[in-house]
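Work the whole structure out from these sequences, hints included.
Top line first, the protein sequences correspond to chains A and B.
Residue numbers 1 to 236, in UniProt numbering, belong to the letters of the first sequence in order.
Residue numbers 1 to 375, in UniProt numbering, belong to the letters of the second sequence in order.
Think of the hints as simulated: they come from the structure by calculation, not from any bench.
The hints are all genuine.
Chain A is faced by these chain B residues, among others (derived, beta-carbon under 8 Å): (1) S226; (2) E272; (3) L283.
Computed from a prediction, not measured in an experiment: that's the story for all the values here.
Glycine included, each C-beta is placed from N, C-alpha and C at the ideal position.
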Amino acid sequence: MNDTNRWTTTLDIWSSKIGEGTYDLIFLVRTESPAVTHSKFVGIKKFKQSKDGNDISPTAIREIMLLKKITHENVVKLINIHINHVNMSLYLAFNYVEHNLYEIIRHHMDKLNHSINQYTIKSLLWQLLNGLSYLHRDTNMQVVVTIWYRAPELLLGAKHYTSVVDMWAVGCIFAQFLTLKPLFQGVEVKATSNPFQLDKLDKIFKILDHLTLEKWSSLASLPHWQQDVRHIQGHK
Amino acid sequence: MSFVRNYQAEDCSLHSGYWSTFDGNNFGNSNRKRSRNNYYNRNCNIYNDNRTKFGDHGCNFNFYTADHANYVRYDAVPSSLKRRKYSVPAWQESQQYYVPPMVHDNIPSSYNFQGPPTRSDGDASTSASCKRDCSIFEDDKPVFMSRDEIDRHSPSRKDGIDVHHETHLRYSYCAFLQNLGMRLELPQNIIGTAMVLCHRFFVRQSHACHDRFLIATAALFLTAKSEEAPRPLNNILRTSSEILHKQDFALLSYRFPVDWFEQYRERVLEAEQLILTTLNFELNVQHPYVPLTSVLNKLGLSKTVLVNLALNLVSEGLRSSLWLQFKPHHIAAGAAYLAAKFLNMDLAAYQNIWQEFQTTPSILQAVSQQLMELF
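If you want it as structure tokens, here you go:
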């Protein structure tokens, strides 16, 4: 599509970088074609190249496969995909969504200096749950998230988990709507692929008390519970 | 009733000028680093427009010569090449199996090989027919087509490849994929998905414009990544070149120029992109295995010879264009119906069986008929 070519070739000239993830960069781009989207702007995600630097990364392929399946009012819409054949870079164009939850929370905290209206919270939470319900039901997808919102079983090294980890995350977000602060704001350890997140677990224990096998029988099967039980007990 | 017969394919070969993975054209200037998007700027150097028949040229070309559909006894083949199957001991002992044959490939050793004449309607990227036919399939979701549509509207028709010939080309890349996938120890569903992606690709692009083995290699690489079982690209390249040339990888460097492997790597990466753009990133493939086993389980037919035979028929069906025509549960129903027929079982005795498969008699008939044609 010509529009996409124009977006990708002029990305650095007249677009602004609005975000960066582990695997991608997000740009805000103005579009001149009403055929592409009703909005004047589109969000373009440029995938960082894979480790090989040549082929399209498995992460990108998986994301595209899922996004192509998804059609829901509470899930961001993929408009277009473009491969730049010269440098093998991959671009995804999305309908631009003006705000994210973090911005709304920041706005209330910094500018308004008061909590979010309860009806707004109710609306936001309903939208979040509605989108999540669709993802769980229609795509069997789990949305594993950043450390603040990560469920205890993930922090304890679980390899197999269900959509309930997302419900933990929703609970954390709900609490943040109410207090404007992250509920469990632990510091992430990034030493290995699956490090033991003691600081984060400690934050959870301080609020919800310590985990025990009596409370949660399947704890024994979690890798870090077996390996680091002394650390955990010693932190009481 | 034995459903395996020996079948010698007629010579179904395309000359190497249709861009064999390692043909001499590719190494005309080994000092020059090819640009990444060279794949897209390649002419379809296939046939003269004034040709009298398919493959008729004024100069000599090397050919792929393959017994693409040679059926042999399962136990007569080395275990490394055996097709993965669903095991019920009684069934194993009493039946024969289709084994994907080795792909024969005569590659020119010289690399100042003169390419065939360019098509007069050739375009900078692909032939006019390749371009024309892509536009039919611009919808996002894989649209099911009738067999007649597939047979009549295949882009390969415009390049002189008839239905019979294209069927054999399809069999050959499926045999290659089965072999490659098993050597790479990939699960059967991933191998099957790669086959279906290739089928989808070749109803949008002509066989005359693209080396089917290159496309198949890229499709398997892509599918393994998409199904979270990635294999290192170099492993895939080594294994595929060993299969194509029937030679140990270490010996291949003596046959080809210094940078042949790097060039092959680039070609596969370009083919990966081409598959993605041709299929509009539609990589989701549903297989009939789950509906087949779940319906038969529900009817108390799990762990029976019927299930085993039906699963084997589904695996055989991957070589056909059934996945482009029917939904997974329809293929499952056709396989169950045909398996029951082979075993003289009356599935109609099981109440509502065809409703469970959400199918109709006409669909059953069409699917089972096409499965029968494979044997």
